[in-house]
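Colleague: Single-letter residue listing:
2 protein chains.
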Amino acid sequence: MLDQLIAPDIKAAIKEGDLADILEYFRESHPADAADALSGLEPQEALEVLRKLEQQEVADIFCELSSSFQSGIAEQLDPVELTELVSFLSPDDRVDLLKSLPEERMDEVMPSLDKSDQEEVNRLAGYPEGTAGSIMTTEYIALPAGLSVAQAMVRIRKEAPDKESVYNSYIIDREHRPVGVVNLRDLILAEPESLLRDIMDDQVATVGADEDREESIYKLTKYALVDLPVVNAAGAMVGIITHDDAMVALEHERTEDMERFMAISGTHEDAAYLDTSVWAHFSHRVVWLVVLAGFGLVSGAILQGFESTLTSLMILAFYMPMLAGTGGNTGSQSATMVVRALALKEISPRDALRVLWKEFRVAFMLGLILGALAFARVVFFSSGTLLPAGLGMFDIGLAIAVALTLQVISATVLGAALPLAAARLGADPALVASPALATVVDITGLLLYFTTARIMLGV
Amino acid sequence: MLDQLIAPDIKAAIKEGDLADILEYFRESHPADAADALSGLEPQEALEVLRKLEQQEVADIFCELSSSFQSGIAEQLDPVELTELVSFLSPDDRVDLLKSLPEERMDEVMPSLDKSDQEEVNRLAGYPEGTAGSIMTTEYIALPAGLSVAQAMVRIRKEAPDKESVYNSYIIDREHRPVGVVNLRDLILAEPESLLRDIMDDQVATVGADEDREESIYKLTKYALVDLPVVNAAGAMVGIITHDDAMVALEHERTEDMERFMAISGTHEDAAYLDTSVWAHFSHRVVWLVVLAGFGLVSGAILQGFESTLTSLMILAFYMPMLAGTGGNTGSQSATMVVRALALKEISPRDALRVLWKEFRVAFMLGLILGALAFARVVFFSSGTLLPAGLGMFDIGLAIAVALTLQVISATVLGAALPLAAARLGADPALVASPALATVVDITGLLLYFTTARIMLGV
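So the sequences go chain by chain: G and Z. Remember, this note's numbering sits 68 above the position in the first sequence when you count from 1. Remember, this note's numbering sits 68 above the position in the second sequence when you count from 1.
Certain hints may be false.
Since copy identity is lost for identical chains, a pair holds within one copy or between any two.
To be verified - No farther apart than 20 Å at their CA atoms in a straight line, the calculated lysine to any residue pairs in the SDA-like style are these:
hint, residue 1, residue 2
1, K290, E96
2, K226, F462
3, K167, D185
4, K290, S97
5, K79, E176
6, K287, L109
7, K83, D175
8, K290, A340
9, K290, E84
10, K287, D146
11, K83, L515
12, K413, L109
13, K413, T344
14, K290, L157
15, K226, I256
16, K226, L255
17, K290, E149
18, K79, L121
19, K413, G303
20, K120, D146
21, K290, E319
22, K226, L412
23, K413, A369
24, K183, A228
25, K413, L424
Simulated from the structure, these hints should not be mistaken for lab results.
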């Protein structure tokens, strides 16, 4: 690989008006590296370079740019340039770009496309974000079962330059349903006169166009496929998801899960961190923060209800942060385990009882250990706090230890139960995770804590 | 795809002694589906089925099983069976199995392998878990640049049945360094008499065997490759990472990141949730919980230091949970954004100042909103709490709002700074995330809160 060209070099070259070396780099390097180099520039600067390249080179680099940068460049193009660029993109990249354009710009481009391309754009644009259909490409090789291997190779050679993936050829029936698949490796190993129907693998994994893209990632991974056919409701093949698009989708899913986990809303498809405005960052975060702060006030109200207990036994306040934190941590841990196990299909909501029983046992052990440590801390290291008559540190330590054990058990079980319930109801398990859970656990923890103290200590 | 066979059907068939239908299913279905069906059984039951299949079928199914289930089956095999199974596995799966065996069982197997296979096992086993070397396979096609396309096709046809991936053939020089790559698609499109050196792509992306496997996933995704060559320190090619193994590794990384984020330790390579014992779950979680509970006690000690402030103004206690929770949430959000942006290479530790400045501005806006809401809550909805002479709800509301704003800003900036610092020091940014951060933020939050209250309210 060539050494990475960096944005300041390009800016300098633009200023000097000598782009020869820069263009040389762009022609020789991988489009993804070229896109990296461009993304450090302003869209106008990037255009100065792109305008000097061939249309196909521009299209290859363009589809590697982040969608926010793509929009920035598209804004600067005149209608003719935009139409040309769009015509050089592959169908899936074309739709992604057109979807991101304002309507009036889309209207400039659409009429100049072929009738069939227009229909394809409309069809592909119809698949909602996050579905298998939204990440598929329509460029795949479909062959009838009656061809010989030699005939198939002629067809593949003819079609290969236009297709995104040629490793698998799909054998389709009259209704365009995929009934078999032959791999290029099988074709080059087979006798030229063999028929496809005799050498094809008739176990074809497929995914529905309206299914979640997670499902397509799951199947590609499970069956170690280079691409996965996508079918419509009638079972007819409408496209394929290639291994590289699945990999990108998996990275997006990973980011989204993590962000949902941490109460960051929005889809934020692929705007890079530094390209996202302060305002966008703010608005993705503020909603959940306000909701959760509201719940935090509920905790405060509960505390207010126990004001007399707290006033007479201030030492209880000093263990509150530990209790709340430990509850949040144990709940997050079990929620994480369950959310990941659900995502990897290691468990399903039907396993709820087994999962909860397992978490209960884990929690019981964790609760005993943490309770014992808290007891030791209270009894052996407390000093300087006045206690009401008749209460010793032993009693208080015991009450705190019992409350902590109960808190760990309830938080762990809640942490496992909430994602399972969400999955059961068809919602995203990650949504109820971490901060939402920590807030719930804060509330249940305070109730457990002060109720235990009242009962055991009589304050 | 065939309908999924389920474990109870297999158990029933074993009991009746009639395995014909079951074996039919195993022979016709994808090995991954067969493995799914087996993993609901006890290892002994699985063995009853596997013993009736061909060695190659057994090996294909075996390598799809989770490593804990593999060990369970390997335990039940006699030395001859184990040796046979090992000989049918591909080099990477072979090493994974051998590494998981107790030493005495490994000693039963190793002597029966070829000298070259033994060396290969030792070499592959030498790459630590998590490196690119640990997920590579040594079965790839390497060709000299001087071959014609026709000669190359003869070689590929001969080697294809033994190789894990034949889509890319790597062109190597005398030192076995990869100097070019030709794709099977290019080969079938090229003139048979062309030389490889003339049609090959001389821009070969590579990854070092000792580099992090994340790096190989990053390059495979970025360049949309089906496989990526792995080189040793001298630049010689030692293997490839295939797209499907990268996909599996990416899922593992994703799980590990999430677990580290939530303070769950251990590597937990691929033992499924329900297959992991209660004790293992316990031990993965307990260490961090105890450490974090210890920090929770520090918060308590700080609180104790402000006992007089708290006693004279109990209303401050009621807003503590909201303050602590909001700090934890804002910190987790910024930490998540930064950890993900680092993982996706959108930012590097060198961008620290730009990131912190961006987070500061986001935090300032969040702090103002949340502070304003807290002020409104205190001033308009507080009742039933006695205040010391000379203090009104307005003063207290203002103090709480200021403290909350400061807490949001410091937590957000800390949440961004800690992962950046970890990355700078070469540690995993995810390690300092969520619970560890929430605990730090608890401590700084309490200090900010009571100090602000003391200064502004004079209590």
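Colleague: Tell me the hint numbers this structure goes against, listed in increasing order.
Modeller: Per hint list: 2, 5, 6, 7, 9, 10, 11, 17, 19, 22, 23, 24 violated.
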